[in-house]
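Trainee: Listed below are the residues making up each chain.
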Amino acid sequence: KQEVTQIPAALSVPEGENLVLNCSFTDSAIYNLQWFRQDPGKGLTSLLLIQSSQREQTSGRLNASLDKSSGRSTLYIAASQPGDSATYLCAVRRDTGGFKTIFGAGTRLFVKA
Amino acid sequence: DAGVIQSPRHEVTEMGQEVTLRCKPISGHNSLFWYRQTMMRGLELLIYFNNNVPIDDSGMPEDRFSAKMPNASFSTLKIQPSEPRDSAVYFCASSLSADSSYNEQFFGPGTRLTVL
Chain Y
1 KQEVTQIPAA
11 LSVPEGENLV
21 LNCSFTDSAI
31 YNLQWFRQDP
41 GKGLTSLLLI
51 QSSQREQTSG
61 RLNASLDKSS
71 GRSTLYIAAS
81 QPGDSATYLC
91 AVRRDTGGFK
101 TIFGAGTRLF
111 VKA
Chain R
1 DAGVIQSPRH
11 EVTEMGQEVT
21 LRCKPISGHN
31 SLFWYRQTMM
41 RGLELLIYFN
51 NNVPIDDSGM
61 PEDRFSAKMP
71 NASFSTLKIQ
81 PSEPRDSAVY
91 FCASSLSADS
101 SYNEQFFGPG
111 TRLTVL
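So the protein lines, in turn, are chains Y and R.
Count the first sequence with the numbering used here and you get residues 1 to 113, in order.
Count the second sequence with the numbering used here and you get residues 1 to 116, in order.
In isolation and in its complexed conformation, chain R is listed as follows (with noise of 0.2 Å):
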């Protein structure tokens, strides 16, 4: 299996403008997690999935920020408009299921996102 696949890898942007990051979890696992890892605040859970249905967005900082699931194979974190202060590296996971105790989450090579 390929793992968990982001793009693109890095993303340099102005301020002001939209920003989107991609997804593909692990064919077959039926949760996504969206982070964000700063090195002020660490690891950042922002929105998870659960057979494609968003379950938890407490962590998703601004209106600025969203984040859909249209199938069971992509998801998009979208950012609009960017701020500086919104730089940082964005992780996706997946898991086989939120709701078991037995499910690792698997990390995909995250994006670092630079907001000028």
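Same shape as in the complex, but just chain Y (with noise of 0.2 Å):
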């Protein structure tokens, strides 16, 4: 069974600060990996998507890479801004039994002016 878990649950940064958020997944059989963004009362926001046969993937200050073998993924934001308060969740899309898409319970993100 999948499981995909975010550290840290809550991160508070001054403004500026480049900053990594993690994900991690129990089965490496998966299709791709996506991540969003979810203001409050919102909905999600698709940020990157990376293939299971994609090392990275660049969406200006965004960077999220991914290494199947040992089960995880990074987004890497840089130069972060008061803008970027939310939170960022990933999802893994396993490769077997219908391609189910299984969500991390997210990292709550600040970015302090």
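Hint data in this document are derived by calculation from the structure and do not stem from the laboratory.
You may find that some hints are simply not true.
Unchecked claim - Listed next, the stretches of chain R that the computed footprint assigns to chain Y, with coverage defined by at least 3 CB atoms under 8 Å from CB atoms of chain Y:
no.: 1; stretch: 39-46
no.: 2; stretch: 66-74
What the hints assert, rightly or not - Straight-line distance between alpha carbons at most 25 Å, and here's what the computed DMTMM-like set of lysine to aspartate or glutamate pairs gives:
no.: 3; chain 1: Y; residue 1: K42; chain 2: R; residue 2: E104
no.: 4; chain 1: Y; residue 1: K68; chain 2: R; residue 2: E44
no.: 5; chain 1: Y; residue 1: K42; chain 2: R; residue 2: E83
no.: 6; chain 1: Y; residue 1: K1; chain 2: R; residue 2: E11
no.: 7; chain 1: Y; residue 1: K42; chain 2: R; residue 2: D63
no.: 8; chain 1: Y; residue 1: K100; chain 2: R; residue 2: E44
no.: 9; chain 1: Y; residue 1: K1; chain 2: R; residue 2: D56
no.: 10; chain 1: Y; residue 1: K1; chain 2: R; residue 2: E104
no.: 11; chain 1: Y; residue 1: K68; chain 2: R; residue 2: E104
no.: 12; chain 1: R; residue 1: K24; chain 2: Y; residue 2: E15
no.: 13; chain 1: R; residue 1: K78; chain 2: R; residue 2: D63
no.: 14; chain 1: Y; residue 1: K100; chain 2: R; residue 2: D57
no.: 15; chain 1: Y; residue 1: K1; chain 2: R; residue 2: D63
no.: 16; chain 1: Y; residue 1: K100; chain 2: R; residue 2: E62
no.: 17; chain 1: Y; residue 1: K100; chain 2: R; residue 2: E14
no.: 18; chain 1: R; residue 1: K68; chain 2: R; residue 2: E83
no.: 19; chain 1: Y; residue 1: K1; chain 2: Y; residue 2: D27
no.: 20; chain 1: Y; residue 1: K1; chain 2: R; residue 2: E44
no.: 21; chain 1: R; residue 1: K78; chain 2: R; residue 2: E62
no.: 22; chain 1: Y; residue 1: K100; chain 2: R; residue 2: D56
no.: 23; chain 1: Y; residue 1: K100; chain 2: R; residue 2: E104
no.: 24; chain 1: Y; residue 1: K1; chain 2: R; residue 2: E83
no.: 25; chain 1: Y; residue 1: K68; chain 2: Y; residue 2: D95
no.: 26; chain 1: Y; residue 1: K42; chain 2: R; residue 2: E11
no.: 27; chain 1: R; residue 1: K68; chain 2: R; residue 2: E14
Unchecked claim - Cβ-Cβ distance ranges computed for the label pairs, FRET-style:
no.: 28; chain 1: R; residue 1: E62; chain 2: Y; residue 2: A9; range: 27 to 37 Å
no.: 29; chain 1: R; residue 1: K78; chain 2: Y; residue 2: G60; range: 34 to 44 Å
no.: 30; chain 1: Y; residue 1: D27; chain 2: R; residue 2: K68; range: 45 to 55 Å
Since we're looking at a predicted model, the values are computed, not measured.
Glycine included, each C-beta is placed from N, C-alpha and C at the ideal position.
Two chains, two separate frames, one set of hints: put the complex together.
Mentor: In structure tokens form, the structure reads like this:
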């Protein structure tokens, strides 16, 4: 059974700091891994998707990496801004049994101005 | 594109009543997903469809829950009868296809359901 864990559960950093959010999964047989952002009371916004054959994806100040063998993904945010404050979720899509998506519990990020 | 559209945005009902949530996926997307989000359990996949056919409904909690996708542009999630423990935010998401690793899931704004 696939389990997805995100550490830390919450993080508070000063503006301008570079930071790393972690996502680990127990079953390396994944189809892809997607990082989302969720603002309070809102839906999820897709940030990056990494296919199982890829090592990393970049979009602006965001960089996501994937290491299937160790069951880990990281989301790197450069030069953090107050507008980055949100909950960040990773979701793993397995490649067997119907491609089911399993979400982590999320990391709540607060960037102080 | 308008994105994934869900209605209603908020629903308050009394225990025992029937609740119907609606979703319109992004045009051209062939896969549709229903999720439920609660503080205790986080985001859980309830069911997903590919080309209007239910593929995996193992996340549907009980027989009180049912989902349909009569055509490519519309899906419903029905709870009958509703119970207070069904209170949650229900999200609909869509992607181009379920069986391609390239395809991102795009989420709607959610329906916040409160069962009294």
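Trainee: If you test the structure against every hint from before, which numbers come out violated?
Mentor: Checked against the structure, the hints that fail are numbers 2, 6, 7, 12, 17, 24, 30, while the rest are satisfied.
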